[in-house]
Each structure stands twice: as structure tokens, then as C-alpha cells.
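Okay, here's what each chain looks like letter by letter:
There are 2 protein chains.
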Amino acid sequence: MKYFLILLFVTFVSNAQITTEQLNLMPWPQNIKLTAGTFALSKKFKVNITGNPNARIFIGATNFVRRLDGRTGLFLEQSFLTKVNERPEAELQINCVRNGKIEINEDESYQLIITSNKITINATSDLGALHGLETLLQLLQNNSTAYYFPVVEISDSPRFTWRGLMIDAARHFQPVDVIKRNLDAMASMKMNVFHWHLADDQGWRIELKNHPKLTELASDGNFYTQEEIKNIVKYADERGILVIPEIDVPGHASALLNAYPEIGSKVGEGKITYEVQRNSGIFNATLDPTNPKTYEVLSSIFDEVCPLFPGSYFHIGGDENNGKEWNANPAIQQFKKDNNFVNNHDLQTYFNMKLIPILKKYNKKLMGWEEIMTENMSKDAIIHAWRGTNEGQEAGGALIKAAKSGYNTVLSNGYYIDLMLSLESHYLNDPLPKKIILSPEEKARVLGGEAAMWSELVTTLNIDSRIWPRTAAIAERLWSDESVTDMNSLRKRLKTISFRLEELGITHIRNKEVILRNISNNQDTRALNDFSNLCEPLKNYKRNGGGKKYRMHSPLTLFADACNTDASEALDFNVAVNAYLSDKSKENKGVVTDFFKKWITLNSDLIALSSNAPLVQPLLPLSKSLSDLSEQLLLLIEKKQKVSQTVLEDLLEKCNTRSPADVELAVYGSLKKLL
Amino acid sequence: MKYFLILLFVTFVSNAQITTEQLNLMPWPQNIKLTAGTFALSKKFKVNITGNPNARIFIGATNFVRRLDGRTGLFLEQSFLTKVNERPEAELQINCVRNGKIEINEDESYQLIITSNKITINATSDLGALHGLETLLQLLQNNSTAYYFPVVEISDSPRFTWRGLMIDAARHFQPVDVIKRNLDAMASMKMNVFHWHLADDQGWRIELKNHPKLTELASDGNFYTQEEIKNIVKYADERGILVIPEIDVPGHASALLNAYPEIGSKVGEGKITYEVQRNSGIFNATLDPTNPKTYEVLSSIFDEVCPLFPGSYFHIGGDENNGKEWNANPAIQQFKKDNNFVNNHDLQTYFNMKLIPILKKYNKKLMGWEEIMTENMSKDAIIHAWRGTNEGQEAGGALIKAAKSGYNTVLSNGYYIDLMLSLESHYLNDPLPKKIILSPEEKARVLGGEAAMWSELVTTLNIDSRIWPRTAAIAERLWSDESVTDMNSLRKRLKTISFRLEELGITHIRNKEVILRNISNNQDTRALNDFSNLCEPLKNYKRNGGGKKYRMHSPLTLFADACNTDASEALDFNVAVNAYLSDKSKENKGVVTDFFKKWITLNSDLIALSSNAPLVQPLLPLSKSLSDLSEQLLLLIEKKQKVSQTVLEDLLEKCNTRSPADVELAVYGSLKKLL
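Chains A and B, in that order, give the protein sequences.
UniProt numbering applies: residue 1 is where the first sequence begins, and numbers increase by one.
UniProt numbering applies: residue 1 is where the second sequence begins, and numbers increase by one.
Hints in this document: simulated from the structure, not taken from any laboratory.
Note that this is a predicted model, so its numbers are computed, not measured.
Hints may contain errors.
Quick partial rundown of chain A residues pointing at chain B, CB under 10 Å, derived from the structure [stated by the list, open to error]:
id, residue
1, Thr290
2, Asn291
3, Lys293
4, Val297
5, Ser299
6, Arg500
Quick list of simulated restraints, FRET-style, between CB atoms [to be verified]:
id, chain 1, residue 1, chain 2, residue 2, range
7, B, Glu587, A, Ser568, 57 to 65 Å
8, B, Lys271, A, Asp481, 26 to 34 Å
9, B, Glu653, A, Asp524, 35 to 43 Å
10, A, Ile272, B, Arg98, 36 to 44 Å
11, A, Lys118, B, Asn656, 44 to 52 Å
12, B, Lys83, A, Lys672, 49 to 57 Å
13, A, Ala40, B, Lys654, 54 to 62 Å
14, B, Lys83, A, Ile272, 16 to 24 Å
15, B, Lys271, A, Lys118, 37 to 45 Å
16, B, Ser604, A, Ser568, 22 to 30 Å
17, B, Lys271, A, Arg87, 41 to 49 Å
We put the CB at the ideal spot given by N, CA and C, even for glycine.
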């Protein structure tokens with residue numbers, strides 16, 4: 001009874017006034033007007049929907065109520081929302097002028113007005129209203145006993161119309177629940193395009209009733225049924241997300257050619273066969289563009305695939321065709337001569353152009369990776385820019401070239417989240433860099449961007465931690481104003497955003513513990529966790545050493561899988577080192593040396609742990625190097641003893657070696673500053 | 001390089017000899033002969049299959065290799081197993097005499113022989129071989145750097161043929177991935193029956209193409225498509241598990257009658273309607289057994305449901321028909337008179353008997369909850385015993401009565417895991433208690449038992465923590481010899497077994513952290529975690545206060561959802577108290593008083609946490625009571641001060657109050673001993 005009296009009392013306690021900078025909104029809205037005052041949340045809180053919306057806003061609003069209730073434990077009274085204007089007296093009024101279309105360039109704007117006793121979301125389409133609900137959830141505040149919203153007026157709309165995430169379900173199959181929870185997370189970050197990579201050298205992942213061989217022979221039993229595809233497309237639609245399928249041709253075709261070797265380009269004695277690939281990398285398997293049967297097969301495949309996806313785009317891949325099979329095939333070489341094709345690019349253009357009318361039957365526009373942008377390629381195609389310095393190209397160069405050449409275009413270079421690069425590298429990668437001068441028409445052709453989750457090294461266990469939270473930063477880059485670039489603000493907000501993704505089932509935090517528990521052999525994971533906050537997985541595909549170390553069935557339950565980019569303690573250490581180098585005060589020195597002491601203990605703890613945990617062994621060389629260097633630096637900095645510079649440098653370089661655990665010490669750069 | 005040398009070296013290190021008691025096997029095998037020596041595991045390790053098995057052993061063996069690899073990180077070379085005798089040289093040879101049938105009373109025995117360089121699994125059917133693989137995985141040992149199996153000979157077979165888990169997907173829908181991961185966990189515990197409760201007052205969860213109204217009107221969009229059902233039945237088959245559907249009739253029928261009110265028993269003015277229920281409890285909605293249309297509808301429902309499930313059993317529920325609608329319906333009363341039915345039981349028997357021929361068309365035997373066991377019920381029916389002292393009945397009395405009356409029967413009384421009772425209560429609940437004398441024929445009718453996971457208070461977030469690890473103890477009860485009853489051994493082994501369930505995707509450990517993080521509002525969860533190890537959710541449905549507190553959409557993200565039975569620190573404290581009471585040595589006293597000191601600090605930590613976490617507030621009254629009592633007990637025990645017995649008893653009783661957080665302090669009993 002006393003408890004309830006306390007609760008009653010506190011609702012009258014005034015809530016602390018918050019500043020705009022304190023709001024943990026992401027992506028950051030275009031306009032925020034915060035004023036004094038709060039809206040107090042109680043179990044009586046209700047939602048009402050007016051206007052002419054699509055059914056999806058009822059699902060969205062019901063989910064909103066459930067999420068709010070799950071967070072607050074208020075036992076909100078409202079259950080399912082089903083009808084327009086069901087609760088005219090409700091505190092939250094959502095008004096949608098019209099049914100939104102799940103397409104590019106739809107109006108996604110919304111206005112959110114919170115007063116002390118009323119909340120209003122106004123939107124042209126229900127898609128904008130869904131965004132408004134996500135913003136409202138992010139605005140939730142609390143004091144010690146109650147929840148409330150700040151009084152605020154927000155008007156918001158996206159900078160780019162294409163804000164996507166690609167998931168590769170071919171290398172490692174990703175079951176329906178993985179896709180669904182990521183769609184939920186995308187929606188929470190106001191992303192609107194899910195690009196689904198459904199076929200590659202390592203597997204064919206979509207059931208085709210007229211081509212059962214494809215999944216029978218080339219999926220290892222791991223594929224989406226058509227019903228599952230429809231179910232996911234509907235689930236995405238309910239969250240305002242357009243789904244774009246990708247069937248990668250003419251290269252990346254080992255799985256397709258495993259079932260249909262007769263349309264491959266390989267020549268040789270006896271029966272030609274293709275194997276589903278178990279390694280990563282670029283393979284030779286390529287469709288034969290000179291064979292009419294190729295187009296028959298593709299046409300009948302597209303006949304089945306296209307109707308499953310109501311959107312206007314179809315991604316045909318088109319990347320990384322190494323041309324080896326074409327070059328080795330005399331008939332194909334003759335065909336090139338007969339048609340005056342100067343090179344394989346011309347031949348691939350010929351192939352691509354043949355696909356356009358097949359897709360047009362279903363009102364689909366062809367989209368492809370940047371390699372499809374050849375001289376004679378139709379301007380109707382959408383160019384997906386992906387290559388950069390890794391591939392010996394100018395970063396995002398294809399995007400600019402495409403926009404200038406009259407193509408609509410989408411950027412993924414700089415958003416390859418499988419490269420395990422830093423948050424900052426993705427966040428500051430603007431699709432329209434200031435130094436590039438484009439005309440308004442050219443700018444308008446840059447539709448936006450897509451985070452790309454290639455799955456060579458991801459399973460259901462670790463995929464979420466590769467996508468999130470970095471993709472939230474990419475989502476902000478694509479939605480918010482170009483001036484929103486403050487890394488400190490991003491990092492601060494991301495702490496809350498990352499935590500809240502758990503509510504949608506995203507497993508990036510929880511599964512880290514699972515992996516560490518396995519490595520520890522069910523012992524205490526604290527030392528492993530501490531060490532993981534100092535380490536980052538090897539970057540730029542170095543972990544997989546040319547695609548040879550990890551096969552598709554190799555274990556991805558290792559220390560590198562528990563580590564992530566932007567190792568948190570490395571960031572903290574860097575701040576401490578910078579402070580110390582600019583002011584060698586006793587306090588600043590103490591902060592730095594405390595790290596060294598911690599790392600020496602950490603090494604002992606890991607050694608102790610390893611006595612019953614073989615999977616800890618590969619971590620010990622790196623942990624020992626860090627401990628050894630820490631000891632020397634303690635002597636130098638704390639005890640003012642002389643330490644040989646050669647010894648220090650030698651130890652430092654040991655901290656910079658590739659570890660058998662496939663990780664690198666993220667503190668290396670900061671340590672180097674101290675020498 | 002040094003690292004690899006170390007690795008090379010250690011493989012020559014001899015492995016510690018293990019004792020039988022140290023093995024963490026569950027369920028405990030019938031015969032174990034452990035001898036000196038080990039089988040060293042390397043990345044070259046391969047599996048070969050011989051005999052005449054079903055395809056399922058290839059899937060099982062492939063999964064075995066992947067799990068072993070995920071645990072050890074060895075990069076095992078073998079990928080997919082697809083053919084008989086593919087690897088004659090393999091270290092692990094699996095020989096199955098014949099294709100196993102997914103049915104009751106199939107031969108599930110296996111023999112597992114490990115020598116220092118060879119492992120053999122012999123089984124009559126592949127089902128036994130699958131069990132052998134699970135035992136082998138549980139036998140994995142390690143030293144500091146390597147993995148190995150002990151040299152051992154095991155022969156094993158189940159005590160009971162029916163070892164089931166029921167999941168109620170009606171109250172809270174449980175998506176496909178939840179079911180699949182629980183099937184994996186069941187298989188790891190050698191369980192072989194999945195009983196799927198698909199319809200109840202709160203929802204209809206199975207798509208029927210001839211009755212689309214059922215899911216359109218009575219599922220809130222949450223149901224299994226027929227394709228999903230087939231997919232799950234196949235998944236279960238691959239794991240040696242029989243799936244038994246339950247459509248609960250004639251009571252528990254609100255969802256069914258929401259779509260088909262015309263076959264209900266309710267009378268009244270105007271149009272009769274039924275609502276899908278949002279609360280828990282027993283409701284009046286009951287089918288009309290006198291209406292021929294009732295059997296038409298049921299017959300056509302069964303026509304669709306039966307072919308989806310290849311097994312020989314169909315569960316028709318039959319429980320908790322409160323008879324109110326029948327009593328209030330004059331036509332039904334007249335029908336009873338006309339047919340000389342003495343009571344509603346006779347009428348229900350009439351109803352049940354009408355279902356038998358409908359099911360017989362599909363070679364299905366009728367199974368039902370114990371209420372179906374009436375005088376004239378067919379002896380072909382299987383009686384599912386569930387009631388006990390909670391329902392004013394003798395515990396499991398119906399099981400014995402059924403066996404004596406000539407029915408095959410299955411026990412769930414004592415296995416209701418939603419009651420949140422202790423591990424011990426389930427583990428020591430033998431289907432054939434020693435005190436009951438049954439003839440061999442009668443004993444043979446006791447097929448086994450089923451853990452029952454009713455889902456009023458479980459969602460996808462917390463369901464695994466309600467099922468596991470307690471269901472592993474039930475699995476052992478049903479598989480192992482009746483003499484295997486040592487609680488200390490069970491608890492010791494369960495620590496490893498529970499941890500290993502994570503490998504199969506079971507979320508009981510990881511999701512506890514998720515819930516605590518939400519309660520903490522993304523602050524440090526240590527204090528919450530410590531307190532959760534002292535608390536248990538209210539038992540025997542007390543949490544839901546007559547089914548009124550929690551509706552189906554109420555939040556289940558609360559502290560009680562993070563707590564579990566058998567609170568670990570309460571068990572430790574009890575050991576300490578018992579030691580202290582039998583020997584008041586300084587050391588024993590110190591152990592006890594350390595708990596008190598910890599709990600005083602814990603209370604302060606929770607108060608500090610609550611300043612930014614409203615969901616911590618409901619915990620504070622209980623935590624304060626424990627802290628207050630701890631202070632007094634410290635005075636009494638450590639400082640030898642006089643403390644008023646009244647004050648102590650008063651404080652103790654405050655530790656025994658129902659908390660607003662829906663939990664109770666599991667240390668209450670041990671504290672009481674100290675007073």
C-alpha cells in the first residue's frame with residue numbers, strides 16, 4: 001500500500017527540463033522546437049487514428065503501444081487498434097491524409113506535436129506517421145518513478161529517398177526471424193529499402209516451383225519458400241519498407257549453374273558440371289550470354305520471382321564477372337567478333353540489355369552493381385555504386401559518374417559493414433560530398449544509399465552485431481541534414497539507440513555474451529569481455545585471408561565474432577592518452593596508468609581462465625604483448641625509470657601483429673602516441 | 001609461431017582421467033563403463049554412416065559436426081554428410097540397422113563405444129543413433145588446450161516411451177523459430193513427443209483453408225500457416241520427435257465460437273456472439289454437443305488438420321468444461337433427459353465418442369485431458385492426467401485410475417512448468433511412484449509424461465526460461481532409471497547442460513540480461529542480477545491473481561520475468577545456514593554474515609539504480625525488508641547484541657509478503673531457521 005502511495009505522490013513531482021542536445025533521437029530530425037513542460041504517461045494513455053490511412057498504421061500503432069508498455073511496465077489499457085476514429089478522446093491523435101505507397105519518392109514527412117496533455121502526429125501518408133511513432137518512442141523520458149514526453153514540436157522528412165540495408169542470404173542463409181527482426185530495426189531507424197541478395201556462388205535461396213532443381217541441388221536445404229517471401233514482403237510493407245530482390249547474374253552463378261550447367265560458359269571434355277562453392281571469393285562460373293537457353297531459363301525464373309515482389313526494382317547483380325570462362329570459350333569469342341563487341345563489357349551490356357524487356361513485363365526497372373554501367377547501357381537502369389580504394393577505384397566514383405551520365409544511382413561504397421570499419425568511416429561518408437559539384441538534376445539522381453551486409457563471415461549468431469549499431473549511423477547519414485556530423489553526439493545517442501534495438505529482438509548485445517560464454521567454457525566471462533572491448537576483428541577482409549580460411553561451414557563462434565568495431569575501451573584510452581599528452585598532470589597520468597594496471601591483471605585473468613578453456617589460448621599472445629608493454633610503460637611513466645626505446649618499440653610492434661584470434665588491438669594507435 | 005608450437009606440444013600432454021560422477025550426462029544413461037584413456041579430437045575428425053538408415057541421420061550427423069565445431073573452434077574439415085559409407089576411414093562410425101519410425105514404442109536404444117582411436121555408435125534405428133550423438137556431444141572434455149572424449153562404453157534406452165513437451169501457442173502465440181529451437185533442445189534431452197496446443201479461448205493458431213474465418217477473426221494475425229506446420233513437423237521428424245496437435249473442445253472454445261457462434265451452447269435474445277478472450281481463466285464458451293452442425297464443423301476441421309500430422313495421436317483437449325452454458329440451455333437439458341444422461345459428464349462422453357470415428361478416418365487415436373475418462377469412454381482413448389492437489393484431486397490420481405481401467409495414459413501432473421515450482425518437485429515426480437502397486441500390464445499402460453508449458457505468462461522473450469532447464473530434469477525422469485534421483489548430482493550436471501542449451505539457440509540465459517537491462521534503463525545490471533538470484537516468481541498462478549492482473553497484451557518484461565525457480569543464491573544461502581546451525585564455527589558464521597552484508601549493500605545499490613529507473617521501484621520494498629532483517633541478524637549473530645524477537649519476526653514476515661514486483665524472497669525459509 002505504501003508503495004502505491006509513493007507512486008501516486010511522484011506523479012506530481014515535476015520533471016526535469018531537458019535540452020535538445022540531451023534527446024537521444026536517431027536519425028536526427030530536420031526541425032526540433034523544444035519548450036518547457038512535459039506530457040505525463042499513465043496507463044490510461046490511448047491512441048486514435050483518423051484520416052484515410054492504410055491498414056499498416058493500425059499494426060504500427062498497436063506495436064507502438066506494446067513497445068511502450070514493454071519498456072515502462074505500465075499495463076497500458078489499450079490492446080489492438082483496428083478502426084479509424086475508435087478513440088476520439090485519446091491523448092495521442094494520428095492523422096494520415098492518405099494511404100502511402102511503398103515506393104521510392106513517396107512522401108514520408110511527418111509532424112509531431114507534444115503538449116502537456118495532447119500528442120498529435122500529422123502526416124500526408126501513414127508512412128510518415130510510422131516514422132513519427134518511432135520518433136515519439138525515442139522521446140520517452142523518465143525520472144525515478146514515472147515516464148513522460150517533453151513538450152516539443154518536430155517537423156521532419158528524409159534527405160534521401162533511398163535508405164537501404166542489403167542482406168546477403170546466399171553465403172550464410174539467414175532465416176525468416178533474422179530478416180524480420182532486422183526489418184523492425186530498420187523501421188525504427190526510418191530506413192525504407194530492404195535489398196535481399198538471394199543467389200550467389202554459395203547457394204540459391206528462393207523456392208521456384210517451375211525450377212525445383214535450384215533449391216534441391218544448390219541450397220543445402222536452406223532457402224525461403226514463396227510463402228515465406230510473401231510473408232516477409234508483407235511484414236516489410238507493414239513497416240513502410242520496400243523489398244528489392246537480387247538474383248546475381250551473369251557471374252556469381254555457381255549455384256544456378258550447379259542446377260543448369262547447360263547455360264554456363266565453361267568448355268571442356270565430357271559433361272560440364274559446376275559445384276556450389278564452400279569458400280569465399282570470386283569464381284569463374286558465368287552464364288553464357290550467347291546461348292538463347294540462358295534467356296529462356298532467366299525469363300522463366302523472373303516470371304516466378306517478379307510477382308513475389310510488388311516494388312518497381314529488380315537487382316540483377318552484374319558484379320565481379322572475371323571473364324575467364326568467356327575468354328576460354330571459342331564460341332563466345334566468335335560471337336563477340338560477329339557482333340563487333342570490343343571487350344567483355346560490351347558482351348555483358350548485351351546480356352544486361354536482354355534482361356530489361358523481361359523485367360519490363362512486370363513493370364520492374366533493372367538495377368545492378370556499378371559494373372553494369374557501360375557505354376550502351378540503358379539510362380533506365382539504376383547504378384549501385386560499391387567499389388572504392390579497396391578495388392583500386394576512386395571511392396564512390398561510380399556514383400558521381402552515374403549521376404553525371406543520366407542514371408539514377410545508389411551508394412554502397414563506404415557502407416560495406418562487413419569490412420568491419422569504424423562507425424566514423426560510415427557516418428562521414430556523404431553520398432554528396434561537398435567537394436563534388438553536381439547540377440540540381442544530377443543531385444536528384446543520387447537516390448541515397450544502402451548498408452551492405454555480405455555474409456561470408458556472419459551467421460544468425462553474429463549477424464546483428466555486424467549490422468547494428470553501425471547501420472543506425474548510416475541511416476542518419478541518409479535521413480538527416482548533411483550538417484549533422486558531430487561524432488561525439490552520434491556516440492552519445494548511439495548508446496541509447498543501440499540498447500533500444502534489443503526491444504525489437506536485435507541480438508547484438510545478448511549474443512556477445514553467448515559467444516564469450518562458449519569461449520570461457522562456462523566460466524566467468526568478465527576478463528574475456530574486458531579484452532573484447534580492446535580488440536577489433538581484422539578489417540578489410542583480412543580475417544578471411546583471401547577467402548581461404550573460413551569455409552561456409554567454418555565456426556563463427558570465435559573471439560573475433562564477439563568483438564566489434566569501435567572497441568569501447570580503446571576509445572576511452574585514446575581520450576585518456578590525448579588528455580595526458582596535452583597536460584601531464586598527476587590526474588591525467590593516473591588515468592593512463594590505471595589502464596596499464598588493468599591490462600596487466602587482465603592478462604593474468606585470461607591465463608587463469610585458459611587453464612580450462614582451449615578457446616582462450618589464441619588470445620594469450622596478444623594479451624601478453626599488451627601486458628608486457630603496459631609493464632614497461634608503467635616503469636617509464638609512473639616510476640620515471642629509463643626504458644630502452646628499442647624494447648618499447650619492439651613490444652609495441654608485437655601489439656600490432658595479426659593475432660591467431662583474428663583480431664587486432666584497437667589501442668595500438670594510442671599506445672604509439674605514448675612512445 | 002610460438003603459439004602453434006604450444007598447440008603442437010599440448011596434444012601430447014596426457015588428459016586427466018575422469019570419473020563417471022564427473023560426466024555431465026543428461027538424461028543419465030542406463031549403463032556406463034568408463035575405463036582409462038581418451039580419444040583426442042582434431043580437425044581431421046570425420047563421421048561415417050553405414051546400415052540402412054533414414055535420411056534424418058545425415059542431417060543429425062551434419063548438425064553434430066557443426067555443433068562440435070562451434071564449441072571447439074577446430075575448423076573441422078567435414079562439411080555436409082549426404083551418403084551411406086562416404087568416409088569408411090572416419091573415426092566415428094554410425095551404424096543403423098534400419099529406418100526408424102516416428103511413433104511411440106519405436107526402438108530408441110543405442111550403444112556408444114569410444115576407444116582411444118575409434119568411436120562407434122550402433123543402433124537398431126537412426127532414432128537411437130541420434131540419441132547416441134547427443135550423448136557423445138555431452139561427453140566432450142577438455143584440458144587447457146585440447147578437446148577429447150573419454151574411453152567409455154555406454155548402452156542406453158529409455159524407461160518410458162512418451163517423453164513430451166507441450167507448448168501452448170494459443171494464449172501467447174509462439175512463432176516458428178521459438179518452436180524450432182525448443183525442438184532442438186528437446187532432441188538434445190532425448191525427448192520424443194511435441195504436443196502442440198493450437199486453439200484455446202485466446203486464439204485459433206492454425207490456418208484452415210476451408211475455414212479462413214477462424215484465423216481471420218480469432219487469431220489477431222498470429223497463426224501458423226499449413227506450410228509452417230508441415231515445415232515444423234518435418235523439422236521435428238528430423239530430430240526424432242513426434243508432433244501431436246491439440247484442438248481443445250468442447251470447452252476452451254471462445255476462439256472457435258467467435259468464428260462459428262452457431263455451434264455454441266449459449267442461449268439468449270438476439271444474435272449470439274462470442275469474443276476472443278484477453279484474460280486468463282476458465283470461460284463458459286462451450287460447443288453444443290446436441291447440434292449436428294457441431295460435428296460437421298469439427299469433422300471438416302479435422303479433415304484439414306489430421307493430414308498435416310503423420311502421427312497416430314490427436315489431442316482433443318476436453319478439459320475444464322464448466323458446464324454453465326449447458327446447464328442454462330433448455331434444449332441441451334432436454335437432450336440429456338431424452339438420452340438418459342445423468343450429468344454433463346455423460347453428455348461430454350457422448351460428444352467425445354462422436355469424435356472417435358472422425359479421427360479414425362485418418363488412423364488417429366483420440367487423446368484427451370483426464371476429464372474425458374468417464375464411464376463409457378472408449379478404451380482406445382489416451383488419458384492425459386493433469387490434475388492434482390491444486391485442483392482438489394489426488395496428485396496424478398487419474399494416471400493410476402486410467403492404467404487400472406485399461407487406458408493408455410500420460411502424466412503431466414507434477415510437470416506443469418508454468419506453476420513456477422522447483423526443479424526438485426518435477427524431478428522427483430515419478431510416473432510410477434513406488435507406493436503404487438500396479439500389475440505389469442497396468443504399468444505398461446503408463447506411457448510416460450509431458451512437461452506442460454501453458455503460455456498465459458510467457459512470450460517469445462521469456463518462454464525458454466520457463467521451459468529450460470527444468471524440462472531437462474523431467475526428461476531425465478522419463479528416460480533414466482527410477483533410481484536416478486540424486487538432487488546434488490542433478491544440480492551439478494544441470495549447470496553444464498543448461499549452458500549447452502545456448503548452443504541450440506535457447507535464450508533462457510541471454511534474455512534474462514535483456515530483461516534486466518530494460519528494467520535498469522540501460523544502467524549497470526549487476527545489482528538487479530544479484531537480487532534476481534534471491535527472488536522467485538510467485539508460484540501456483542498467484543502472480544496472475546485469478547487471471548485478472550495480466551491480460552494477453554500485458555507487459556511480460558518485468559522483474560518476475562527475469563527471475564526463475566530455484567533461485568541460485570537462495571540455494572547457496574540455505575547450505576550456509578544449515579552448516580552454521582549444525583556447527584557455529586567462526587568460519588560458518590562468517591559465510592552467513594557475508595550474505596547479510598552483501599544484501600545490505602545490494603539494497604543501497606538498488607536504491608541508487610532506481611533514481612533513473614522507474615521499473616526498479618517495485619523491488620525496493622522487498623529489498624529493504626531483506627536489508628533491515630540482515631542488519632538485525634548481523635547485530636544478533638556477529639555483534640552478539642540482543643535483538644527483540646518480535647522485531648525479528650516482524651521483519652521476517654515482511655520478507656514473506658507478496659511483492660508488487662510479483663516475486664517472493666526465496667531466502668525466507670532459510671532466514672526463518674535462524675530466528
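Inset, instruction - Against the earlier hints, flag every one the structure doesn't satisfy and list their numbers going up. - result: Failing hints, ascending: 1, 2, 3, 4, 5, 7, 8, 13 and 17.
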